[in-house]
Structures are given as structure tokens and as C-alpha cells.
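S.K.: The primary structure of each chain is shown beneath.
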Amino acid sequence: MTHNSRELLKLDGLSVEYRIRGGYLSAVKNVSMDIGRGEIFAIVGESGCGKSTIAHSIMRLLPDKNERISGGIYFEGENLGAYSDNQMTAVRGKRIGMIFQNPLDSLNPVYRSGTQVAEAIFLDKKDRAIVWKEVIDLYREMKMPDPDQRVRSFPHELSGGMRQRVMIAMMLARNPKLLIADEPTTALDVTVEAQILEIMSRLRADFNTSILLITHNFGIVAEIADRVAVMYAGELAEQGSVFDIFQSPSHPYTELLMKALPHQSKRAGRLQTIEGSVPRITSTSPGCRFYNRCPIASGHCENHDPPVRRLGDSHSYACHNR
Amino acid sequence: MMGAEDMGVCETGTGPMIEVSGLKKYFSLYGGFWGAVRKVRAVDGVSLAIDRGGTVGLVGESGSGKTTLARTILKLTKPTEGAIRIDGVDITKATAAQETKMRSEVAVVFQDPASNLNPRQTVESSIIRPMIIHGVKKSDARAKAREVMSMIKMDEHYLRSYPHQLSGGQLQRIAIARALVLAPKVIILDEPTSALDISVQAQVLNMLLDLQESMGLTYMIITHDLNVIRYFSDTVAVMYLGKLVEYGLTEDVVGNPRHPYTRGLMGASPILDPTHRGRVKDLMPGEPGSLINLPKGCRFFPRCDKASARCESLEPHDVAVGPSHTVGCFLYDGKKAGDKG
Amino acid sequence: MNETPFMEFLISARRNANFLVGAFIIASVVFVAVLAPVLAPYGYDEPHKADRLQPPSAKYPFGTDDFGRDMLSKVIYGARITLQIALIGTFIQMFLGVTIGMLSGYFGGLVDKVLMYIADLAWCIPGIILALAVVTLLGKGLNNSIIAISLVNWTQFARIVRAKTMAIKNQAFIETGIAFGEKAPTIMLRYIFPNIVPALIVMISLQLPSTVISTTALSFLGLGSQPPSPDWGLALSNGMKYVSRGQWLSIFPGIALVYTVFGFNLLGEGVRDLIDPRMKSH
Numbered sequence: 001m002t003h004n005s006r007e008l009l010k011l012d013g014l015s016v017e018y019r020i021r022g023g024y025l026s027a028v029k030n031v032s033m034d035i036g037r038g039e040i041f042a043i044v045g046e047s048g049c050g051k052s053t054i055a056h057s058i059m060r061l062l063p064d065k066n067e068r069i070s071g072g073i074y075f076e077g078e079n080l081g082a083y084s085d086n087q088m089t090a091v092r093g094k095r096i097g098m099i100f101q102n103p104l105d106s107l108n109p110v111y112r113s114g115t116q117v118a119e120a121i122f123l124d125k126k127d128r129a130i131v132w133k134e135v136i137d138l139y140r141e142m143k144m145p146d147p148d149q150r151v152r153s154f155p156h157e158l159s160g161g162m163r164q165r166v167m168i169a170m171m172l173a174r175n176p177k178l179l180i181a182d183e184p185t186t187a188l189d190v191t192v193e194a195q196i197l198e199i200m201s202r203l204r205a206d207f208n209t210s211i212l213l214i215t216h217n218f219g220i221v222a223e224i225a226d227r228v229a230v231m232y233a234g235e236l237a238e239q240g241s242v243f244d245i246f247q248s249p250s251h252p253y254t255e256l257l258m259k260a261l262p263h264q265s266k267r268a269g270r271l272q273t274i275e276g277s278v279p280r281i282t283s284t285s286p287g288c289r290f291y292n293r294c295p296i297a298s299g300h301c302e303n304h305d306p307p308v309r310r311l312g313d314s315h316s317y318a319c320h321n322r
Numbered sequence: 001m002m003g004a005e006d007m008g009v010c011e012t013g014t015g016p017m018i019e020v021s022g023l024k025k026y027f028s029l030y031g032g033f034w035g036a037v038r039k040v041r042a043v044d045g046v047s048l049a050i051d052r053g054g055t056v057g058l059v060g061e062s063g064s065g066k067t068t069l070a071r072t073i074l075k076l077t078k079p080t081e082g083a084i085r086i087d088g089v090d091i092t093k094a095t096a097a098q099e100t101k102m103r104s105e106v107a108v109v110f111q112d113p114a115s116n117l118n119p120r121q122t123v124e125s126s127i128i129r130p131m132i133i134h135g136v137k138k139s140d141a142r143a144k145a146r147e148v149m150s151m152i153k154m155d156e157h158y159l160r161s162y163p164h165q166l167s168g169g170q171l172q173r174i175a176i177a178r179a180l181v182l183a184p185k186v187i188i189l190d191e192p193t194s195a196l197d198i199s200v201q202a203q204v205l206n207m208l209l210d211l212q213e214s215m216g217l218t219y220m221i222i223t224h225d226l227n228v229i230r231y232f233s234d235t236v237a238v239m240y241l242g243k244l245v246e247y248g249l250t251e252d253v254v255g256n257p258r259h260p261y262t263r264g265l266m267g268a269s270p271i272l273d274p275t276h277r278g279r280v281k282d283l284m285p286g287e288p289g290s291l292i293n294l295p296k297g298c299r300f301f302p303r304c305d306k307a308s309a310r311c312e313s314l315e316p317h318d319v320a321v322g323p324s325h326t327v328g329c330f331l332y333d334g335k336k337a338g339d340k341g
Numbered sequence: 001m002n003e004t005p006f007m008e009f010l011i012s013a014r015r016n017a018n019f020l021v022g023a024f025i026i027a028s029v030v031f032v033a034v035l036a037p038v039l040a041p042y043g044y045d046e047p048h049k050a051d052r053l054q055p056p057s058a059k060y061p062f063g064t065d066d067f068g069r070d071m072l073s074k075v076i077y078g079a080r081i082t083l084q085i086a087l088i089g090t091f092i093q094m095f096l097g098v099t100i101g102m103l104s105g106y107f108g109g110l111v112d113k114v115l116m117y118i119a120d121l122a123w124c125i126p127g128i129i130l131a132l133a134v135v136t137l138l139g140k141g142l143n144n145s146i147i148a149i150s151l152v153n154w155t156q157f158a159r160i161v162r163a164k165t166m167a168i169k170n171q172a173f174i175e176t177g178i179a180f181g182e183k184a185p186t187i188m189l190r191y192i193f194p195n196i197v198p199a200l201i202v203m204i205s206l207q208l209p210s211t212v213i214s215t216t217a218l219s220f221l222g223l224g225s226q227p228p229s230p231d232w233g234l235a236l237s238n239g240m241k242y243v244s245r246g247q248w249l250s251i252f253p254g255i256a257l258v259y260t261v262f263g264f265n266l267l268g269e270g271v272r273d274l275i276d277p278r279m280k281s282h
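Residue numbers (this note's numbering), protein chains in the order written: chain A, 1 to 322; chain B, 1 to 341; chain C, 1 to 282.
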């Protein structure tokens with residue numbers, strides 16, 4: 001595998017299948033993408049498109065052993081697929097951090113929030129007083145109100161936004177190269193969401209941390225992502241810079257989605273809808289998965305994988321008829 | 001406040017569809033070592049009017065009282081003070097007969113598709129139930145159920161399904177179908193599309209707009225998504241900690257927000273256009289305020305960057321800043337001299 | 001496929017060993033109880049004066065007791081009593097528990113406080129003491145001992161039903177129902193009750209064995225069934241007197257009791273396994 005120093009994470013033909021009663025369910029099919037250093041990369045798509053599965057396979061956090069993974073996951077040029085479970089434990093947190101939609105599930109309810117952040121630092125063994133001061137500094141960095149008091153708060157005493165700040169502080173304490181954020185602001189008010197997004201942009205600016213943002217919210221993508229991958233039913237429909245995706249969407253799915261977003265008033269016309277529903281895919285048989293809902297589909301699309309077409313340096317999409 | 005000055009007798013069929021005046025809802029909070037009772041002022045003096053066939057959008061952070069306001073209009077909870085007139089009838093003083101009528105005129109669709117329908121009943125039982133309550137014959141009710149299914153563009157065979165066999169979008173459309181069976185005048189939509197995907201959201205919003213046109217429905221929509229509000233509603237009411245801080249036509253409130261809180265909210269809302277990301281954002285510091293230990297003066301005072309001394313001790317009045325645009329902020333108090341004391 | 005929840009239950013039940021074995025055991029007990037007059041060689045209270053305290057033999061496979069009554073027939077007829085205890089006792093508990101738990105959970109506030117205070121009180125009194133009180137008041141007998149045990153055990157139903165009711169009460173379909181004009185009794189019976197049925201089935205099947213054991217214990221102590229009832233508890237108590245001379249007097253009713261309770265336990269575990277995951281996914 002060739003490795004250039006700009007790229008931090010590379011997915012090479014990643015496929016994930018889950019075992020279900022009487023076969024396999026293809027959750028992710030042949031996805032390739034790369035995330036550069038200091039880049040905010042968003043994977044966006046509707047529920048069931050496989051975006052969370054990708055994040056979890058990178059961290060090797062898939063629910064159980066009932067899945068089949070193929071393809072390569074390369075982090076800083078190393079194949080994570082070849083790592084033992086112990087080696088992966090060392091990668092998690094230290095080199096790749098992850099935050100989730102509901103931070104309350106990720107925090108231990110019986111320890112003070114500051115203690116949990118301190119533990120993340122303690123793993124590197126330092127003096128106790130210095131560590132505590134570092135935690136308060138981190139809280140300040142996270143724009144936590146009253147950081148000196150908040151380090152002593154238990155998770156349930158914090159608001160949703162504060163908990164997410166604690167989670168980011170905890171991740172930041174280990175100074176990971178990559179932060180995976182799985183729907184990090186979905187449970188928060190827009191005002192708090194904006195604050196968290198600002199912290200994430202600053203993280204990238206100050207520490208050159210790459211962020212892999214998993215979201216269904218196109219507004220957030222437009223707000224902070226550099227590059228975007230649009231997923232549909234486990235397949236990568238289109239990827240490119242955020243401007244490529246929003247201004248010149250090329251895959252019919254992306255194009256329809258952009259018109260389905262409520263940009264203006266109802267007086268300017270009804271929203272575009274996408275008829276039909278996502279098929280349940282039980283095999284990796286070829287064919288475009290958007291076939292049954294696509295306005296420009298032809299007979300060829302049903303049984304042949306769409307070719308990946310390149311439009312520029314990083315803009316590409318998979319379609320037969322465009 | 002718009003329409004609220006006309007609080008006299010209101011003939012059925014004219015005037016606003018919903019008229020809320022001076023509405024207050026206080027909860028008692030028991031707690032503390034001595035069991036001290038504290039009042040939580042969830043809704044504190046809200047007045048607004050919704051025109052027939054119009055759509056008002058309620059926005060605000062969690063704890064702003066928007067859901068409590070909707071629940072009092074649905075008569076799911078009793079207001080502490082104030083009047084709610086639906087089609088001219090004050091539902092806080094309604095007789096039993098008037099209440100039954102009101103129950104058939106005001107329907108609701110909640111956010112969570114999974115809990116909107118009784119999981120142990122078929123779709124058909126859920127849809128015909130409101131009609132059975134209001135004395136419709138079962139055979140007529142079943143015919144109506146098939147009719148509303150076609151209105152929401154779903155096949156009749158789904159009537160035999162159970163909720164867990166359907167997708168979120170299908171469930172939400174069925175919840176809307178159920179809301180329609182009694183031919184209501186008003187539908188309260190509490191975050192109707194927040195749990196849905198973009199393409200399904202578009203389907204549901206379009207469907208709601210089509211139904212509004214064909215049936216002359218009046219909507220009150222609660223949502224935190226300003227893009228949905230901008231698309232969907234005619235007027236916007238912005239709430240903060242139980243008070244209406246700004247109210248007006250959508251294009252005025254969204255296009256030219258006046259209250260510092262509305263500005264903060266607009267600034268924080270994600271845009272759908274990456275070319276706008278350089279815009280100056282009035283990001284509000286701090287968390288959504290708490291209804292416990294409210295500040296003495298303006299409730300937004302602790303988070304407001306334009307606050308002056310009187311904001312700390314006095315509560316601002318509503319000030320008209322346009323023909324149908326009011327703001328509850330001292331910043332605009334001086335501009336229309338004599339309007340307020 | 002539009003499978004009804006009950007069909008789904010049957011499909012997964014076929015693969016659940018606990019459920020299958022438990023169901024087989026209980027079915028066999030029910031079979032014996034129903035066909036007791038056919039299966040029993042003698043009447044359960046028919047004394048054979050010449051054959052007192054006979055060990056098991058071809059004529060009396062389980063031996064005879066101190067009055068010369070056939071133990072096999074007593075054990076067979078005893079199954080009727082045990083099933084009666086299980087069904088009636090559990091039903092009373094469920095009825096009390098569901099009524100009180102739903103009222104408590106639905107109305108909350110003062111109603112909840114008062115009802116839960118009563119539940120706490122009932123739970124505090126040891127079963128045997130309460131049974132003594134009931135028996136003193138109403139007189140000895142099987143029915144009174146069933147009532148006594150139910151007056152203690154209903155609180156478990158009440159607590160779980162209350163918690164379920166409170167969780168379901170806040171769901172959107174309840175509020176929607178109220179907004180359409182449903183009245184409180186209808187909300188409880190039509191909307192809430194069907195949604196606690198799965199939990200109720202699990203609770204019933206877990207409560208059956210303990211009801212049998214507690215009530216049988218009262219009979220053993222002489223507070224429940226009175227002679228010449230074929231109650232297994234009574235038979236065990238009688239067998240105690242002859243534990244050195246006639247072990248068969250206690251062994252066979254004992255085995256029957258263990259067999260039945262074991263069957264109820266397996267059935268309960270099986271039902272819980274089958275229903276619980278479904279409750280989570282809904």
C-alpha cells in the first residue's frame with residue numbers, strides 16, 4: 001500500500017456484512033475514501049445508509065462477531081485490520097478518539113467528570129496536581145462555564161452540552177490524530193450545537209486534529225465539513241468537497257437530496273421528494289442500489305455496479321447514466 | 001400583541017382560529033429538605049393569535065415552554081391563568097359538550113413515530129378509534145379509514161399492519177391520517193419531522209401543505225429546525241423561558257430578527273449553504289436558561305450582550321417594530337414613543 | 001409477512017428448551033389432575049383398615065398412610081389442589097396488583113402515595129404472620145390460606161404494573177388519545193393494559209411456583225387444607241410423623257411437589273426469555 005504523508009486514514013474497498021437469519025445483510029459495500037491530516041470529513045446519509053457502521057468498523061467496535069469485514073482500513077499507513085485486539089485497544093483513545101450522540105452513556109455516573117478526564121491523562125503517568133490543573137485548562141479550552149467547579153460535577157449534574165464538552169476534553173487529553181464524532185450534536189439544542197461545532201473547528205485549527213463527522217444533518221455538514229461522502233444503502237454515492245456536493249451534486253441521489261432540503265419558503269415551490277424506499281440488501285450482487293428510486297435509471301443499472309467517475313481532484317460519484 | 005386586543009365576543013367562523021391571551025402555566029416543584037414548594041413558570045403570560053388556514057411556528061430551546069403551550073391548547077394540562085379560544089370558544093371554561101366538540105376540532109401529531117401509535121393495535125384500530133369515541137358507526141369509520149389512507153398515499157393493506165412492521169415515515173404519515181379522521185380545524189404538530197430522514201421529511205411536509213390547502217387546516221408547528229420553519233410557517237413565535245420574545249411574519253422574524261435571542265438562535269442554526277459559512281454569527285454564550293431561579297428582570301438578561309441596567313430589574317414589554325411584528329426587548333422601546341409606558 | 005405477535009411467539013417457542021420442557025411438565029400435571037377419577041385406583045379418602053402404613057406394592061404402588069388410604073390416589077388428587085392454588089392464588093394477586101398498580105401509576109400524586117404506602121405495609125408483614133391473622137379471622141382452610149398468601153404477594157405485581165404504567169402513560173399515543181377525548185378508564189383499559197400484558201405474563205409465570213410453595217407451606221403447618229384433603233403439603237406434614245417408619249408417606253407427595261414447581265419455574269424462565277426481548281424491541 002502506498003502511503004502519502006498527507007493522508008491519515010484510508011478506507012480501501014471496505015465492505016461489512018451482518019449475519020441475519022438465513023444469510024447476510026450488506027451494510028457497507030466497497031467503500032473507499034481517505035481523510036487528510038487536519039481535515040474535517042463528513043459522512044452523511046439517511047438512517048441505515050451504513051455511515052455508523054463505517055465509524056464502528058474503523059474502531060473495531062461492531063456489536064459482535066457476527067459480521068464479515070473485507071477491504072482495508074489504513075491509519076497512518078498501517079493496516080488496522082492486521083492489528084490484534086490488544087493493539088486495537090491501544091489505538092482507541094490514544095490515536096483515534098470517538099464521541100457519541102449520547103455522552104451520558106459514555107460517562108461513568110459514579111465518578112466526577114473531572115476525574116474521568118484526569119484518568120485519560122493519568123494513563124500517561126504524571127503528577128496528580130499537574131494533571132488536575134490540566135483538566136481545568138481543558139475545561140476552559142472547551143469553553144465550559146465555571147471550569148473550576150465543573151470538574152467536580154458528576155455527569156448527571158451537567159447539561160447535555162456540558163457532557164459533550166467533557167467527552168471532547170477526555171478525547172483531547174490523549175491528543176489523538178483522529179476524532180470520530182458520531183452524531184455528536186443530534187441531542188442538543190441548536191444554540192449548544194453551534195458552540196460544540198465551534199469547538200470542533202478550533203480543535204482542528206489548533207491541534208491539526210482530523211475529524212470524521214458522522215451525521216444525517218446537512219446543515220452541520222455545510223457549516224464545518226471540508227469534504228463530504230454521501231452514502232446510500234451502504235454504497236458511496238458521491239464524494240467531494242463540501243462545495244462540490246452542495247453546488248454541483250452529480251449523483252442523482254445527491255441532487256434529489258439537495259432539492260429535498262428546505263432552503264426557502266413554501267411560496268417558492270414544494271420540496272423535491274424521493275419516491276420509494278431503501279431496499280433491504282441481502283447480497284453483494286452487483287447493481288446500483290439506488291436503481292429502484294432513481295429518475296434516470298436504465299435497465300443496465302439493475303445488474304451492473306455503477307462505475308466511479310472522477311470530476312476533479314477529489315470529486316467523484318458512482319453512476320452509469322451521468 | 002397581534003389579534004390579542006380583540007378579546008371581546010367572537011363569532012364562530014370569523015376572527016382568528018386560535019387565540020391565546022395572557023396564558024400562564026405554573027408548575028409546583030416539591031423538593032428540598034423541608035419540602036419547600038417552588039413555582040416553575042413554564043408559560044408566563046403568552047398571547048398570540050393564529051389566523052384561519054394559517055401556520056404558526058413555535059421555536060425556542062428546550063425549556064422554553066413551547067411544548068407546554070401546545071399541551072394547554074390541546075387541553076392536556078390546565079392553564080393557571082388566561083384564556084384559550086378555539087374558533088371563538090374559550091376552552092378553559094368549556095362545557096362538557098363544548099369540550100367534546102373541541103376534542104374533535106383540535107388534533108395532534110407528536111414527534112416520535114414509534115410511540116405515536118398504540119403498539120398493540122393494528123393501524124386500522126388506531127385510525128378508527130377517534131371516530132368511535134365521537135359516535136361514528138364502525139362501518140362508516142372503516143370506510144373513512146380507507147379514505148384517509150388514500151389521502152396520505154398509502155395502500156389500504158397497511159391498515160392490517162402493526163406499528164413495529166412499519167418505517168418511521170410510514171408511521172408518521174399514519175399519525176397524520178389519524179389526525180384527519182374527525183375533519184379537524186386545527187392540527188398541532190410537535191416536531192413532526194425531527195425523527196425523519198431528509199427525503200421522508202420532504203414527503204411529510206409537502207403532504208401537510210397539500211392537506212392544509214384542500215381542507216383549510218390551521219397548523220401550529222413546534223420545531224427546532226429553522227429551515228423547516230422558514231419553509232413551512234407563515235408566522236413565527238419565538239419563546240424563551242416561558243415568554244414570547246418575538247412574534248411576526250416568518251420573513252420578518254427569520255429575515256430580520258430583532259430580539260437578541262432570536263438573533264442568537266438564527267446565528268446558531270446551521271445553514272444549508274456552505275458559501276455562507278463565513279457569516280458573522282451572534283453566537284450566544286452559555287446554556288439554555290433554567291426555569292428555576294429566573295432572573296428578576298428580562299429573562300434573557302444573563303445571556304444578552306446588549307443588556308443595559310434596566311434589563312436587570314425590569315421586565316420588557318412587547319414593542320411593535322412593524323405592522324405585525326412585535327419584540328419583547330427594551331432595545332426597541334424608545335423607537336415608538338408613546339406606544340408603551 | 002404480517003405475523004401477529006402471537007405467531008411470532010409460537011415460532012420462537014419451538015426453539016426454547018426451557019419453555020418446551022416446562023410446558024410438557026405442566027401439561028402432564030394438568031392431564032393427571034383432569035383425569036384423576038380415571039387414573040386413581042381408589043378414592044383419595046377411601047380407608048383400607050386392614051392395610052395401614054403399607055409400603056409400596058403392586059396393590060398400592062405408592063404405599064398407604066396411617067388410615068390405610070392409597071398414597072398414589074392421594075398424590076393424583078393432590079394435583080388438582082396444587083393447580084387450584086396456583087391458578088386462583090396467582091389470579092387474586094394479579095387482580096389486586098394490576099388494579100392498584102395501574103391506579104397508582106396513572107393518577108400519581110396522593111393516590112399513588114396512599115396505595116404504595118399500603119403496598120409497603122402488606123410487604124412488611126411476614127406471610128406466615130398475616131396468614132395466621134387471616135386464618136384466625138376467617139377460620140382454617142385452603143381458600144383462606146390462598147387469600148392470605150395473595151394478600152402478601154400482590155405487592156410485587158403492583159410495583160411492576162405501576163412502573164410500566166408510568167412509563168407508558170407518557171407515550172405520545174396516550175396523549176393523542178386524551179386529545180381525541182378518551183376518558184381515564186378507557187385510557188387505562190384500552191391503551192395501557194394491553195401494553196402491560198407481556199410483562200404480566202412473565203410475572204404470572206414467575207409467580208406461580210412461589211405461590212404454590214407458600215400456600216403448600218401453610219398446609220404443611222396445618223393452617224391450610226384440613227384432613228382428609230389430598231393436599232401435598234398436608235400429606236408431607238402427615239408423613240413427618242412417620243418419617244422413620246414410612247418414608248413413602250413424604251417421598252411421593254414431595255416428588256410431585258418438586259416436579260410441579262420445577263415445571264412452573266422452567267415455564268416461567270422460558271416465557272420470560274421469549275417475551276422480554278420482544279418488549280425491548282418495541
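Accuracy of the hints is not assured; some may be wrong.
As the list claims (entries may be wrong) - Calculated pairs, DMTMM-like style, for lysine to aspartate or glutamate (alpha carbon to alpha carbon, straight line, at most 20 Å): (1) K138(B) / E182(C); (2) K185(B) / E156(B); (3) K144(B) / E156(B); (4) K101(B) / D45(C); (5) K177(A) / E157(A); (6) K78(B) / E269(C); (7) K281(B) / D252(B); (8) K143(A) / E287(B); (9) K75(B) / E46(C); (10) K266(A) / D210(B); (11) K185(B) / E46(C); (12) K169(C) / D112(B); (13) K259(A) / D140(B); (14) K144(B) / D112(B).
Hints in this document: simulated from the structure, not taken from any laboratory.
S.K.: Measure nothing beyond the straight line between the CA atoms of K144(B) and D112(B); if it is 20 Å or shorter, mark the hint as holding.
M.R.: Given pair K144(B), D112(B) is violated - Cα atoms ~25 Å apart, limit 20 Å.
S.K.: Compare the distance between the alpha carbons of K144(B) and E156(B) with 20 Å, and conclude whether the hinted pair is satisfied.
M.R.: 11 Å, holds
S.K.: Hey, K259(A) versus D140(B), does the alpha-carbon distance stay inside 20 Å?
M.R.: 40 Å, violated
S.K.: Could you grab the alpha-carbon distance between K266(A) and D210(B) and see if it respects the 20 Å cut-off?
M.R.: It holds: about 11 Å lies between the C-alpha atoms, which stays within 20 Å.
S.K.: Does D112(B) sit within 20 Å of K169(C), going by the straight-line distance between their CA atoms?
M.R.: Satisfied, since the Cα-Cα distance of roughly 15 Å is no more than 20 Å.
S.K.: Please verify whether K101(B) and D45(C) have alpha carbons no more than 20 Å apart.
M.R.: 68 Å, violated
S.K.: Does the structure keep K185(B) and E156(B) at a Cα separation of 20 Å or less?
M.R.: 25 Å, violated
S.K.: Are K143(A) and E287(B) close enough, with their CA atoms no more than 20 Å apart?
M.R.: This hinted pair holds, its Cα atoms lying about 11 Å apart.
S.K.: Given the hinted pair K185(B) and E46(C), is their Cα-Cα distance within 20 Å?
M.R.: Status violated; Cα separation ~77 Å.
S.K.: Is K75(B) within 20 Å of E46(C), Cα to Cα?
M.R.: Distance ~69 Å between K75(B) and E46(C) Cα, so the pair is violated.
S.K.: CA of K281(B) to CA of D252(B), is that 20 Å or under?
M.R.: 18 Å, holds
S.K.: Check the hint pairing K177(A) with E157(A) against an upper bound of 20 Å on the C-alpha distance.
M.R.: 30 Å, violated
The structure is inconsistent with the numbered hints 2, 4, 5, 6, 9, 11, 13 and 14, although it conforms to all the rest.
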